[in-house]
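> Sequence:
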Amino acid sequence: MAPSHVLVPLDGSPLAEDALEHALEVFDCKITVLNVVTPLDTHMSEGGVLEVEDSRLDEAYTRADRLIERARSQSEAVNRSIETAVETGEPADSILTYIDTSNIDHVVMGGHGGPKPGPLHRLLGTVATTVVSKAPLSVTVVR
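Residue numbers 1 to 143, in my numbering, belong to the letters of the sequence shown in order.
There may be inaccurate statements among the hints.
[Said to hold, decoys possible] Estimated spans, in silico, between C-beta atoms of each pair:
#: 1; residue 1: Ala-2; residue 2: Asp-58; range: 33 to 41 Å
#: 2; residue 1: Ser-81; residue 2: Thr-126; range: 26 to 34 Å
#: 3; residue 1: Ser-13; residue 2: Pro-39; range: 26 to 34 Å
#: 4; residue 1: Asp-28; residue 2: Asp-58; range: 32 to 40 Å
#: 5; residue 1: Gly-89; residue 2: Asp-18; range: 18 to 26 Å
#: 6; residue 1: Met-1; residue 2: Asp-58; range: 39 to 47 Å
#: 7; residue 1: Asp-54; residue 2: Asn-79; range: 38 to 46 Å
#: 8; residue 1: Arg-56; residue 2: Ala-2; range: 40 to 48 Å
#: 9; residue 1: Ser-55; residue 2: Gly-12; range: 17 to 25 Å
#: 10; residue 1: Ala-2; residue 2: Arg-72; range: 18 to 26 Å
#: 11; residue 1: Glu-59; residue 2: Pro-136; range: 30 to 38 Å
#: 12; residue 1: Asp-28; residue 2: Gly-89; range: 27 to 35 Å
#: 13; residue 1: Tyr-61; residue 2: Thr-97; range: 16 to 24 Å
Think of the hints as simulated: they come from the structure by calculation, not from any bench. Just so you know, even glycine gets a beta-carbon here, dropped at the ideal spot from N, CA and C.
Using the sequences plus the hints, can you model the full thing?
Next up, the structure:
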């Protein structure tokens with residue numbers, strides 16, 4: 001069954017942009033682009049080194065706005081429209097919460113390799129691995 005609402009988490013990486021391109025090409029349904037702003041006190045940030053500053057948070061939201069605007073331009077280039085959202089929190093948890101609260105029935109996201117232990121982490125990346133393993137729906141990972 002074809003999805004009716006696809007979520008594309010967008011973090012500014014080339015693979016995330018490829019995921020949006022894939023979603024726009026393959027799925028003829030509502031697409032929401034989600035950017036997660038990570039606070040400095042989470043494990044994926046530099047919180048152990050730097051103090052939280054309003055200017056850093058402002059910069060993070062400005063970056064999120066730029067990513068969302070690029071996504072809009074990318075979708076308009078293929079005569080599609082998207083919905084957008086910006087959440088704050090740990091990326092995988094925020095994506096999973098958004099899935100649960102927003103009537104999402106498919107996720108398309110970029111995978112990120114890296115020096116993590118285990119073959120799944122190396123293939124998909126930490127956030128993608130968590131979403132794939134915990135999401136109650138189909139997840140397409142673009143590599």
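> Please go over all the hints and tell whether each is borne out by the structure.
Taking the hints in turn, this is what the structure says about them:
{"no.": "1", "hint": "Ala-2 <-> Asp-58: 33 to 41 Å", "verdict": "40 Å, holds"}
{"no.": "2", "hint": "Ser-81 <-> Thr-126: 26 to 34 Å", "verdict": "31 Å, holds"}
{"no.": "3", "hint": "Ser-13 <-> Pro-39: 26 to 34 Å", "verdict": "20 Å, violated"}
{"no.": "4", "hint": "Asp-28 <-> Asp-58: 32 to 40 Å", "verdict": "37 Å, holds"}
{"no.": "5", "hint": "Gly-89 <-> Asp-18: 18 to 26 Å", "verdict": "24 Å, holds"}
{"no.": "6", "hint": "Met-1 <-> Asp-58: 39 to 47 Å", "verdict": "42 Å, holds"}
{"no.": "7", "hint": "Asp-54 <-> Asn-79: 38 to 46 Å", "verdict": "39 Å, holds"}
{"no.": "8", "hint": "Arg-56 <-> Ala-2: 40 to 48 Å", "verdict": "41 Å, holds"}
{"no.": "9", "hint": "Ser-55 <-> Gly-12: 17 to 25 Å", "verdict": "19 Å, holds"}
{"no.": "10", "hint": "Ala-2 <-> Arg-72: 18 to 26 Å", "verdict": "24 Å, holds"}
{"no.": "11", "hint": "Glu-59 <-> Pro-136: 30 to 38 Å", "verdict": "34 Å, holds"}
{"no.": "12", "hint": "Asp-28 <-> Gly-89: 27 to 35 Å", "verdict": "31 Å, holds"}
{"no.": "13", "hint": "Tyr-61 <-> Thr-97: 16 to 24 Å", "verdict": "19 Å, holds"}
Hint violations for this structure: number 3 only, all remaining hints satisfied.
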